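Trainee: Listed here are the chains, written in short residue letters.
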Amino acid sequence: MEYTTEILGLYPTWYQPALGSGWVLGIIAVIHVLASHTSVGAALVSTWLATVAVRRNRPELLEYVRRYGVFLLVFSYVLGSITGPGIWFSATVASPRGLSALIHSYVWWWATEWVFFFIEVVGIYLLVYLAGKVDGRSYLKIAWIFGLASWATMLIIVGILSFMMWPGQARWFTEGGTLNGFFGPYTFAQILSRTCFMLMAAALAGGLIAAYIRDGAFRLEMTRKLAWVGMLSAVLGAVFFQWGLTTLPESAQLLMKTRLPGSFVPTMWAILTEIVIYFAALLLRPGALNVPLAAGMMTALLIFGIWPEERARESMRKPYVAGQFVYSNQIIARDVPALGVKSELPALESRGMLALHPFIPERLRRIGEGNELEAGHALAIVYCSNCHGLGTTGTRPFGEMFAGNRDAADIERFIKGALVTGNMVNMPRVPLRDGEAHALAQFIASLPLWHSITR
Amino acid sequence: MDIETLYALRSSSGLPSHPAIFLVLLVLTWTLHMIAVHVMLGSTALALTGAFSSSPNWRRLAGPMLDTAKVAVSLAIVIGVAPLLFVQVIYDPFWYVSNVLSARWAIAFIVVLLVAYWAMYHHYFVGKEGGSATSRWSLAVSLALLLVAGFIMHALTSQALRPELWMAWYAPEGHLETAGSGIHEFNLGRYLFFIVLAAPVTGAWLLGCRRYLDCREPRDAPYLDWIAGLGNKLMTAGGFAALICYATWMATLPDSAAGFPVSLWSIAANASILLLIVTPAWFRSASGGYGPFAAAAGAVLLIAIAREALRHRILFGTHGYELSTYPVNLDWYSNALFCLTFAGVGGFAIAYSLAISWEAGKAPGVYTASPRVDRLGGFALAALLVWIAQYFFFGFLVMTR
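Order-wise, the sequence lines are chains A and B. Using my numbering, you'd call the opening residue of the first sequence number 1 and step up by one each time. Using my numbering, you'd call the opening residue of the second sequence number 1 and step up by one each time.
Hints are computed from structural coordinates only; laboratory data are not their basis. Among these hints, one or two may not hold up.
[Stated by the list, open to error] In silico SDA-like links for lysine to any residue, alpha-carbon gap of 20 Å or less:
# : chain 1 : residue 1 : chain 2 : residue 2
1 : A       : Lys133    : B       : Asp374
2 : A       : Lys133    : B       : Val71
3 : B       : Lys362    : A       : Asp135
4 : B       : Lys362    : A       : Gly136
5 : A       : Lys342    : B       : Pro327
[Claimed, not checked] Far from chain A by the CB rule (all over 10 Å, computed), these chain B residues:
#  : residue
6  : Trp58
7  : Asp214
8  : Tyr223
9  : Ala247
10 : Trp249
11 : Asn270
12 : His312
Since the model is a prediction, treat every value here as computed from it, not as a measurement. The beta carbon of each residue, even a glycine, is placed where N, CA and C say it ideally should be.
With these hints in hand, go ahead and build the complete structure from the sequences.
Mentor: Here's what the structure looks like:
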């Protein structure tokens, strides 16, 4: 069937050779996860502590809540509130169509989250500045509004993250409706596991503040309280996380088993065990808590817990980046009848990327003598650069692919056998026409030369 | 880029509501964002002036202005999320392309803002009482970086309005340039206009502060009068400066906006700047008041509408991009979810937060909420609980269907 589409809605590509655009997004996202998880968990912990402080008339506990709030303002809210839009900015430049697909479906949910976010930010200021300045009943209201609004932001984002992995209900493709895309078993498993991990992160961060308490007895009491919260939430979070894994679709399970580095599962268990041992040790010897220890544990959580977990989540939805219909290289790869969305693969198969991409220079639209390498480069930029470095740097660089083989014919055979047909489970189908496959293979084979010219 | 390409770049997922709704929300939330930005820039500049000044009044003003700046940055960021969301929904072809073409700057925006915010906190913790030598400079760094962040946003918006140049920027002489390292378009007049507006808006803010502090510190009349005088000066002089910047901006508009400077929208923008200039005299605000700030907010809203009209003039008038033709896939639930959350949960919670902080700020000792304020808090809490209940109710309903 000959498709007559003149142009596809593909955006220009940002190619980041040192890290790869995906890693730039990943780094910002991981920092955001630490800050936002800590702030939501801390909001819930603060609500609980403020309730105890007011009910039992304990001004020292109220002062702890205030100081914890100041720490949150400087750390979580500055970092979290800037890296939140930061994820949008980095996703905008790394994966514009993926983000666009999410935003166009879930704009009202995000706008709703914004309402809660606004309440939360106002709430943290009130919690800090009105501590001891308003009556107890009012302070409790402020604390509970703050805590619940903060948790509501998580409830919303979890549904959108679930959709990124897989629309909650299969009928979403045919019936549409954000509710169908939002709610699935994975959504609820994530709510439970993330809430627990947020509380765990808050207990770790709370230790930083507790370490500064001068009153010895109160310091020990707070350390024990936080240790209980941290240990229980770490254990429960792990249980809910395991449950969450069972709710994932088969393809995600397969990718997790086959594509994640072998160190992933042991690393996750190691960091969890370390955190549980840390909290258990604090229960036995609360006097051992100090600032470097608490800060070290937070850093360990970021590097050995959140980073691999986020990377795994990213890997498991491959080759898609959103809702199982947008590839990571921007191409719409599946019909979504409910939204009138059509797969672009048939058009690309029929006409080719060089003809249909609006941001391909006219001189590269037809492959001929003198432009083959540059056309191959353009195809690599569009089809591959979101996940591969086009030289020897970045993620999964081409320079290290194909076991060092630079035979253009071999590479072309691989492209036609595995990529054009879509036979690789974690990679998008790349429907190159013959001339395009040849040009891409020539470009990859010429990489050492090309790299030295363009470096 | 021809119009077919611009339409092709629209999200194939369509919109869950009519685009006009997003357009209105974009203008309204952008207005609120800019008010916070103007107060943020103005109060930071005043805190910085106070930190370096030997005048007792200036040094005294520096403390509350730093507090104001700190909260204003927070609010500017939080409120800014909304127009960022809405611009991506209805102007996605323009916003996304512009960002990708200057990707490094879009990423740098985050880092710049982060350092600016922390530098401000550094001054807050280290040198709140007048400022130490180093912390004063960290406040200067903060202000400079906030201006850089504003410039990046300005450039991204300007580039979005030049689709006819995108290809030349992305593939100069036919070769792909994918580093995203360049700033391709800016208009100094436009940028300065939005920065200079901080002066009259902050002036109006100071007049409000004068009125508010009157209840708490009535015996400090000379200092409070000095604040009012400063507010009046900022409004008038800042308004004149904004008028000059606006004229510069209009004189340097690209051909695609031909005719806009003499349009009704532009006249309305000019009138709103004049409103800022005459506000001190109009309100006879020697002793402060809340009216000038309301007038300033109204002026920013008019300017926001004119700014949107200019975008429409360029995108529709020159390129034929019609917003109303965006495909709509109506989603009733999420439409209702936002409206009810905004009006119910947000309305009660923000009204309660404002009421209690306003009252507590005026009370000299521990403030006990009046029954009305307390009831407002009860409604806010109840609305939140209902919201969470409906979330799980609809979740289980979908799961069991």
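Trainee: Can you name, in rising order, the numbers of the hints this structure does not satisfy?
Mentor: none
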